[in-house]
Each structure stands twice: as structure tokens, then as C-alpha cells.
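Residue numbers (the numbering used here), protein chains in the order written: chain A, 704 to 872; chain B, 24 to 284; chain C, 2 to 421.
It is worth saying that the hints were derived from the structure and are not from the lab. Accuracy of the hints is not assured; some may be wrong.
So the derived list for chain C, only partly shown, Cβ under 10 Å to chain B, looks like this [stated by the list, open to error]:
#, residue
1, L90
2, Y240
3, P264
4, H269
5, D271
Backbone N, C-alpha and C define an ideal beta-carbon position, used for all residues, glycine too.
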Amino acid sequence: MSEKKTNRRDFLFTATYAVGAVGIGAAVWPMIDQMNPDASVKALASTEVDVSSLNPGKTITVLWRGKPVFIRRRTQEEIAEAKSVKMEELKDPEKDEDRAKNPEWLVMLGVCTHLGCVPLNDKGDYNGWFCPCHGSHYDTSGRIRKGPAPTNMEVPKYEFLNSNTIKIG
Amino acid sequence: MKKFFQVKIPYLIILIIGVTFNAISAEKVEYLKTDWSFKGLFGKFDRGSLQRGYQVYTEVCSSCHSMKYVSYRNLAEKGGPEFTQEQAKAIAASFEVTDGPNEDGEMFTRPGKLSDKFVMPYENVKAAQAANGGAYPPDMSVLVKARGGGANYIYSLLQGYEDPPAGMILDDGVYYNKYMYGNKIKMANQLSDGLVEYSDGTKATVEQMSKDVTTFLMWTAEPHLEARHQMGFKVIVYLIILTVLVYFSMKRIWSRIETEV
Amino acid sequence: MSDHEYTPKSKFGKWFNDRLPLLSLASHLTDYPTPKNLNYWWTFGGILTFCLITQIVTGLTLAMHYIAHADMAFESVEHIMRDVNYGWLIRYIHSNGASMFFLAVYIHIFRSLFYGSYKSPREIIWIIGIIIYLLMMAAAFMGYVLPWGQMSFWGATVITNLFSAIPLVGEGIVTWLWGGYSVDNPTLTRFFTLHYLIPFLILGLVVLHIWALHVPGNNNPVGIDIKKPSKDTVPFHPYIVIKDGFALLMFMIVFAFFIFYTPNILGHADNYIEADPLVTPAHIVPEWYLLPFYAILRSVPDKLLGVVAMLSAILILAALPWLDTSKIRSAVFRPLYKQFYWILVADVLILGYVGAMPAEGLYLLIARIATAYYFLHFLVVLPVLGLKEKTLPVPLSITESVLGGSTNLAVAKNKESLNN
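One chain only, chain A, in its complex shape (with noise of 0.2 Å):
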């Protein structure tokens, strides 16, 4: 067999091999994204809230993509304490005001980041929440203060629709 001939024939083939990878990759692709978030998913964006009724110092939860959410009427103590904290401390540096737009208002995934727990109110440390799973202690702006969490709680996209509701998503 001269040498031409055998090139021809390893270029077909490669060529031959090459074509059915593509092929094989195609069709597994349909068969991972069916497990991805459906249409009917992904268009349940937003949650309104009705929040009128809620005190100073109270909190109310809302679900959210499956989620809960917290929304925190904050008192001014609060609202201090969680201002008058150092950059230095925190462990995922992060300013208030970048947090709760208008401070009298936290609104937060209810989510702790270590490994996805439901924090509870007015419990820790810092007055904030404590995540009873491993310990974390979060402040009054949801921030991580001590414990395994790596993060801050997850501020979600809002806005107030009037000065008694709120849109999350």
C-alpha cells in the first residue's frame, strides 16, 4: 500500500470519526438541557408584596422562585448599628446603604450561603439572623459576621411599586 493511499484513508477516517463526535455531542445536548429551568419557569419572574401592615422590627417572609425572602422593616437602631460597622470586620466587605437602598427597608434572599439553610430572625450574635444548620451569624444588614458562611445574603433585584409594595424580580 503506497504511502498516499494510506494518508487518504486515515483523512477519511478521521473524517469519518470526527463527524459522528459532532453528531453524538448534538444529540446528548437535548437530553442535559431538558433538566435546565422550562419556559414556565423562567417566566415566573416577579413576586409583589403587600407590605403596609408590617411594624418597625418586624419581618415578614415571602416566597420567591421557590425561594424565601425576607423583607425587614428595620427600626433606627438597627439601621445604626448596621451603618456604625467597620469595612475591616466583615468578611464580605459590603456597605449598608449598597444593601438597603432605602435603609428603613432589607429586602434578602432568606438563604444562608454556607449551604443553603433558612436563617432565623433575631437570633445571633449581631441581632441579625442565625443559621441553625452550622452557625453562621449574619447583622442587621444581612451581612456575614462570624461562622462557615463565605458570603452575605443575597440582596435579589426589587423595587417599590408605591410607598406599600414591593416587586422582587
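Model the placement of chains B and C on the given structure of chain A, informed by the hints.
This is chains B and C only, laid out in the frame that chain A set:
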């Protein structure tokens, strides 16, 4: 290669027979036909027709027929009527949706959102039957696929109202339709020329409205039809290329044997 | 199993293989000596493996979204079709895949019938195959119930009612199958469970089917026993692998055409109407692949005997290795059997056709004649033919039949197909 096709012929015959079994078992009435844009290898929906069809459905059909598997968001999705996001939002908001329960445990109504399913004309099947002389106006989400004649059947049925032949006695609330199975239908003729006013200036003849609403129903039954046709073409072209490559690889591999023998 | 001892080259390979001889198995599978004159009808074994795996993979993904509840099944299927990413594709592959699976299995069975692959020493392979076929029918039937459309519901009602034909305990069995007094939610959930289970049983049986095949080796179009390995054989890889691959791709083109361009043509429109226990569809027709047996069922005017006839029509196949008395395997050398074979093919197609027609008048008469002939073929024609038929001379080896310029046209044709 010649031999190859000979071998495949009986196989194709069996396949064709398999297919015709179903075709034969379908109704034998000659339906009216029209040039559907969604037929064929590259078939796509006519957006204008889908939007007009939606209008006919909303203004005429939806007072009795539900469409419970379709959401308002679908109206703005690719491959559908492709209303803009804003138009779809406005359409959704024009419907009152029952939601709840609220904090007091009561149901309340609010304007529709994109994620809502199409609002149903009746609360349940029983209510629909009670309001329609015992006949349940079928849900229209998959109606085209649920009828043997498909789009042509729906298209024909809408135009198939006639005076009953002499001697046929129809009960109250029963109408004659030459395309209906058994020719007796409990839905009265709904369409008449100029019944709706199309915003794009298309003349709303019975034929035009039938075509538009049938196109719309085809889409609600097969919302991914366009994606399916496009993907199908790519897949088949790909398979043919790979088949040719494998065929030549096979010839080359088997050529080793022939020299040995 | 293996004809030669395999020793892995690497030290680790040897260590592993001594403990779990997977490498020996792989070597056996790649080197497996296969008759080199196999034609394209032999590629359907590979195609069927592909069908089974496709059904299992798409079935698993569908099961992640499907809800087996009478109130939600239909809606969850619509959810798959509309919202799940590629859900429409996966479902259409699965629903058309069932039809393609049966198309392939019928070709596979009829190939066996033509070339006498069921005969000694391959009876066990054949019987395992019949069991697989029965399980396939059960899986397909239960799968068709899951969307909970009108045909699902009424098909389930009719088929489960077959058991009521059994004297004395029939009614009790039907109630037990249903888990109630009609087909309802308990029936749906158990059908889903079994529909999920059966493919894995089939998978296990397929392993046995192939194992049993690898003991005597493949039959071949000439139907003679061959020495292995020899000039008459080629190693499975790459020769048979590439040939099976080519045939599989041809098959996939047909499959793709159904999925993308006529995905609902093999189903029944009524199954897009949600199940309604108060209204029976105008005529209940099973899926096309069950029609011949449905015709046999309906051609017998007695309830019990109809069911018995239908079951016998399938089970009689298991006795085939003993009903066919001929010493010659391949129909190529059996001129009379070849003709009866094609009559049987036509008979089954006719049964399928009348199975789709209303059971009345001429159709019923045809169904009865075709049913009678079906049993006649297996119970009378085959045993008698084997004793009386004058067969053609059979070559001693494949190579001889290929090179010897046999006067037999079919053998010459096989040579041609080999040259492809």
C-alpha cells in the same frame, strides 16, 4: 449500490403500508384545502395570519372554547405570532385573572401577567356543558392534533354549514355541517363576512377568518413547529453526510477482505 | 465463550483482568468471528440495540417531567411538549421510537424466519427473542396509556378486559389489574411503574440473547455451519461494526423524517383528547404494530377463544424450532418454503390491514381466512414441508459458495452484497 436499493425495497413497502394503515383509518370526506404556509420541509407560520387568527379566537371562539395549555407569554415567543413583549403584556393585562388566596385566605382578581395561562371562559367542564346545552366546547389548545383531518378539517368545518338535506330533522340546538362526523354539530355557524375588523386591512371574509384561526390553532397545537422543521432539515442533512462518510469507510475496510479471499 | 485466550499487555491490565475479565470480554466482542456473507437484513440486531437504548434514555428524561396521575398526566405531557427544553423533541423521539423499534423487530423476526435462524442449535436465542418481543408489546401498550388521552384510556380498558375472558377468576383479575372498578388513577400509576421496569428487563434479556448467540455464532444467508475463525469469518470489529453503523444511519434518516416532519402520523388523533370515562371514541384502533393480533382477536366470535387465539398466535412462535422439521436452514435452498414464506408475510400484512378496519362484512371474512391461514402455516405447512420438500444442494462453505460460481441466483446475490 444497485443491490442495496433492491434490498431496501421490501423494507420501504412495509413502512409505507404501516403509514397507510393510519391514513386509511382516518375519515374519508374530502376536506377543503388551502395553501398552508406551515406545511413542507421548510414550513413556517405566517405571522400576520397568526396575529389575525389570535384576534378571531379572542373575539369569537374564546367566549366558549378554553385554551388552557397556552400562556400569554407564548404570544411573544419565537415561532409564534411574535407579538412584541409590550403587546403581549398589554394583551395579558386586558384579562382578569383569579389569583390567591391572599393573606385573608380569599381569592382575588388582578390583571393578567405573561406567565398566566389563557383565561378560561368557564370554571370547569360542567359549567361549560350547562351553558352550551350539554355539549362541552372542546379545549382548543391541541384541537388540530386531536382531529383526524387536522388543519384541513377545522378549516372546512368552519365553512361547512349548510341547510340540512331534505328529510333530515334536526333537534333544537343542533346544526347541519357537511364536514362534521355524522353531519350534526352543536355549535352554530359562528363566522360571517366582516365579523371582525382586522387592523392590518385584510378583508375579513369567512374563508380568510377560517384560514387565520386555523393557522392560529395549528400553532397552539404545535408551538415548536418551526423549530422542529428547521432542526429536522439540519439533522437529516447531517445524517446524509455521515452516511456517505461511513459508506466509503465501510468500502475501504471491506476492501481488505476481498484481496485476501 | 472465547475461542482463544486473551492476555492483556500491561501489568495493570493483567492484574485487573485476572480479577474481573472485562478486557477478555471486550476482546471477545471485538474479535468475535462473524460470517462474512451476512447481508443487510442482519444489521437489524444492532439497530434494535440502538432503539432500546434510545427508548431508555429518552424515557428516563421524560420521566423527569411526566406526572403519573389521572388528573395531571395529560397536562404534564403538554407541559413537556410546550415548556420543557427540547421536550417536544424528546417526546417525539420516544413515541416514534416505539414504532421504529417494532418496525425493526418485525424485520429481525422475519429475517430469522427466512434464513431459519431459529433452528438448532439456536432455539434458546429464538425463545429469548420471543420473550423480548412479548415484553416489548407490554411496554408499548403501557406506554401508550401514560399520556392519558382517549385512546390511552379506552385501549387500556379494552386490553385489560381481555383478562375477563378467563373463566371463574377473570373478573377478579381485571379488578385486581385496575386497582378499582374501572381504569383509573391506580391503573395509571402501576402502568407507569411497569413501563419503567420492563425496558430494563428487556435489556437483561438482550444480554442473554447475545450471549446465547455467541455460543454457536451467527447463522448466515447460506445457513450452513461454519468453522470459526476461518476464511469464512471476519472479526466483528471493524467489519461488522462499520456495516451495522452504515445500516443504522440509513435507519436513522427514516426515523428522523418521522420525528421532524410527520411526528403524529403513526399515532391516533383521539389521543390528543384527554381521557373521558363517559365517551368511547368512534373506533378503537391499537397502534399499528399490534394490528395483526388485534385482527386475530376479533376474527373469533367467542370472547375466550378470541383471546386464546391471539395469545396462541404469538406463543406458537416459541414452538417454531420444533414445528419446522426441515434440516436445511436457509430458504435460499428451500424453493417451496420460500414461496410459503412470502405468503405468510402477505398474510400478516393483510391481518394488519383488516385489524385497522371495522370488524364487519368482507373485512371480517378476510380476517377469518387470514387467521386460519396463519395457524395453518405453522401447524401444517411447516411440519409437512420439512419432510416432503426437495431442497437444492447446499455449498460446503461460504467461500465455496462465493467463489464456486454457484448456479443459485440468491447465493450469487449474496456475493454481490458482500462486494458492497
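These are the hints, each one checked on the structure:
1. L90: Holds: closest Cβ of chain B sits about 7 Å from C/L90, inside 10 Å.
2. Y240: OK, holds: C/Y240 within 10 Å of chain B, min 6 Å.
3. P264: holds (7 Å)
4. H269: holds (7 Å)
5. D271: holds (7 Å)
Checked against the numbered hints given earlier, the structure satisfies every one of them.
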